[in-house]
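Novice: So the protein lines, in turn, are chains Z and Y.
Quick note, the first sequence lines up with residues 1 to 508 if you use full-length UniProt numbering.
Quick note, the second sequence lines up with residues 1 to 480 if you use full-length UniProt numbering.
Incorrect hints may appear among the rest.
In silico EDC-like links for lysine to aspartate or glutamate, alpha-carbon gap of 20 Å or less [claimed, not checked]:
(1) Y:Lys368 / Z:Asp358
(2) Z:Lys368 / Y:Glu376
(3) Z:Lys368 / Y:Glu463
(4) Y:Lys229 / Z:Asp362
(5) Y:Lys183 / Z:Asp358
(6) Y:Lys453 / Y:Glu365
(7) Y:Lys453 / Z:Asp358
(8) Z:Lys94 / Z:Asp57
(9) Y:Lys471 / Y:Asp430
(10) Y:Lys457 / Z:Glu492
(11) Z:Lys473 / Y:Glu463
(12) Y:Lys225 / Y:Asp109
(13) Y:Lys225 / Z:Asp358
Covered stretches of chain Z, going by a simulated chain Y footprint (3 or more residues, C-beta under 8 Å) [what the hints assert, rightly or not]:
(14) 61-68
(15) 272-286
(16) 350-363
Hints in this document: simulated from the structure, not taken from any laboratory.
We put the CB at the ideal spot given by N, CA and C, even for glycine.
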Amino acid sequence: MNSAPSYTAVPVRHTLSRPPAPQASSSPEKPKEPFGAGVRAYVQRAFESGNQIDSVDPKIMQARLKSIISEAAEAGTMNTIDWYTYDLPQDFIKREMDEAMRNRAQNGPMTNMNTYGLLSSDGLSSLPSHARKRKSPEADLNGSEQQDGTPPWKKKTGMNGLGDRITGLSKTQERKQQKKNNTMQAHSMDVDPDVLEKRRQRFGRGTPEPSIYVNPRDDSSLPTGPVVGTCQTLEKNYFRLTAPPAPHTVRPLPILEKALDLVRKKWKKEHNYSYACDQLKSLRQDLTVQHIKSSFTVKVYELHARIALEMGDLGEYNQCQTQLRALYKSNMGGNPEEFVAYRILYFIYTSNRTGVNDVLADLTTADKQKPAVQHALQVRSALASGNYHKFFRLYDDAPFMGPYLLDMFVQRERLAAMAAICKAYKPDVGLAFLTQELAFHGEEGSEDDPEAGLRQCVDFLCQHKAEHLIEQKGGEGGEVRVLTGKASLMFENARAAAFRSVDIKGQI
Amino acid sequence: MDSIFRDFAAAHNPATLPIGKAPGYVLASTICPEPPADEPARFYNFLRSTNAHSITTDLKYKLQYNPDVQLSKQEAAAWMEVFTTFYRFVGFLVAAEEAQNAGQAREADWSGVYDSWKDVVNALYKGYQSTVLAAWTIPCLYVAGKYLRVFAIKADEKTASQRDSGMAFGGIQEEDAFNPDSKNEKLEDAARQINRIFGLCISDRNPLDESRKWALYYTANLLFKTYFKLNSISLSKNIIRSIRASAHDMPALAAFPKAHRVTFYYYTGVLHFLEEDYATAEENLTTAYDLCLSPNVGGGATRKNLELILTYLIPTKLLTSHRLPSPALLAQYPRLASLFQPLTHSIRTANLAAFNAALEAGEPEFVKRRIYLTLERGRDIILRNIFRKVYIAGGFEEAKDGGGQTVRRTRVPVKEFAAALMLAGAEVGDGSGEVGVWDGDEVECLIANAIYKNLMKGYIARERGIIVLSKAGAFPGTGV
């Protein structure tokens, strides 16, 4: 399986200067010019046992040595540097490690959070903004601190993605870490959460091997396959990933199923959209990183799409709709009929002719027999021919959550209908007729009030500055009529303005 | 190898060329991935005449030390690179074609062909970018762009067939939800490459005589073609916009070869058609059509081009001037006839039921060509024709002011229109399903629309249940 990872890898810049040319570190064995005596003495000095620093791995030191010399050759400073007093590579490394350690101590919890890609539920509200900028505070610090040279452990393995975000790791540490990660992954399925928790405490913050070193794997060794989650908590806040998620932050399918139930119940009870949206997004993310595609995935997206539609959150709605379309294609169950109908209605709303054409091209004869799809197609054809009468009858009779979509453009279609009516009917029409033709039924809950629709219609006319055209004929108690003859141009302009702009959010 | 470089030398010595052969096109033929008709085995010979080891030396003798071509050092170097990459490309091409012909289509490496051809294109690109290659050689860019598209489509088809049979990575599921990689990977890349060529041409600051701007319309047309295939038609607008922006220092469109012009007008027309700007669409499509019909354009391609143009021109005319294609015109194009004949017949006879049936029957094809939503609006014309029939059938009555003169009856009861609509097969029932019952409001709505769209002049007097039609020209443009 060779699929793209499900997170956005964010390359981080380390220095303000341009990165060194690739040859700089790759071909130091074949120097272009012979080394002077100074350089040779410098190399010798670097290898003298008295100059070794215990915490610095000799291999790292060698690599650094090579890069110092090749950088000097590149920069043409071979002959200007005083090699006899120049700092040894191990000194550079030691200094940088200390520096990194100090920064870590200051920024520990923050960085930790970021590498985990997890925002704990009691978390810091400032974090999402970092996520949006896609640059961790850690990276910024490194940027300023390492202007005078990039440490070799960064350069050597070509870690241009994730590994880069983690600083100050010696090679042995790195190897150890990698081993640990691998075993963790291999056993993650059968590891008891308690054991995991203990281990986490053992390697907790503040110890010489703090948890910010999680994930020092470089890109090439990254598993591109699915993560297998071990998280057991039901609720989880959404946080946009910039690195592969740690398995213990991801919930496995059985937990996700319970989580969905919880979200659904809470939504019914509390109707708190920001909570529901956040939870559903983290649910979707957990599904994505684990490559779970099943009827359950469809359920999650359908629920989120419906809630988003109800709340008028078109951005989320569109994201869900896009995924659902793909999921339906691979026959995962769910309610394709309902969402195809929404798609058609949405394209009508955005006046997207190309979209309408494409959806028509996709429909099979069987699809067209489904009542909801048929309804949406009838809406489309009624509007295409300007048949407002039919449109408003369909408006009253929309299946599923169609009314939410229809409500997005019903006002505009009322103006269009008014433009036609005003041009065709002379000299006036009854208010009752207008109310009925334009499907005004009054606000919700006023079904018993026979006048509610009429009032709504009057409100609509007043909104468009047509109050002076409403007249009561034949004195008190007579019929209320609207002077259409004079309103033609007015509604034509209003119609044109209403169709001119449709704000499109999150469309693909 | 010899024949390629014979042509190459000839192109560089225009005096030796037969009359009517433009040096640029002769030159382009040397890197054309299709062998000339008189030498079908050209590529085999080319491969056999040298090998990967000696190609550099061999090319040096053909390009650098050849007394027949006097190339500057840079020119020779540029062509060296072009032909070195071309040699590699020919290797891929011949292998792929052999596999295809041997019935082992699975083995044909069209991706390799595409990628190696892209190397040739890049070598050319560099030659132009460093202004080593002169403007007269731009037909090479035509070949470059044209076959980028051809090979990209083949490579994508190959990948798609492998994916379907589960051979390629991922399988069909992987493709969509979480990995929105397109199934047109190579073609999308080709679009980017052709766009680079377009940029290369439009940014040329040389005087017009020796400008690469002469390749602009050809390249633009290639881009349109590719974007249409990729279903990202909206990108074409950027191309038109940049051409328009630099129009002041470009050669006039009329100075370009007719083939470039016809295609450009066609695509501009179709783009306006899709944006529902039918007036501009009609203008462009008509120009393309007339150019195509004018003399000294001949051959099979023209017929196909005319057919393509008419596919959009016919629906356009239906909307702009309510005109239908004559049976004589349709008779010349069997494909168009089968597409449009049922529709036009139903409109002429004002038969709504037949119109709906024809629209439904042709829907897949109409949708594919993106003319469905336009043709659908032909319904307005049918309704107009029905209403007009009612008006005419109403006959004459004596004018009010006396004098024995007769005028057409201008007050027509709504129920007469309703009856006519039902005869024609309109679905204006009130939903009860009973025969002979109609929804008066819907009939009025249809009439209101005809009035609103200026297909009919008059007004609805709802309380009296009549339509009052204009005494003069109740149906504009139809003689009544």
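Novice: Broken hints, numbered, in rising order?
Specialist: When the structure is compared with the hints, numbers 3, 6, 7, 9, 12, 14 and 15 turn out to be violated.
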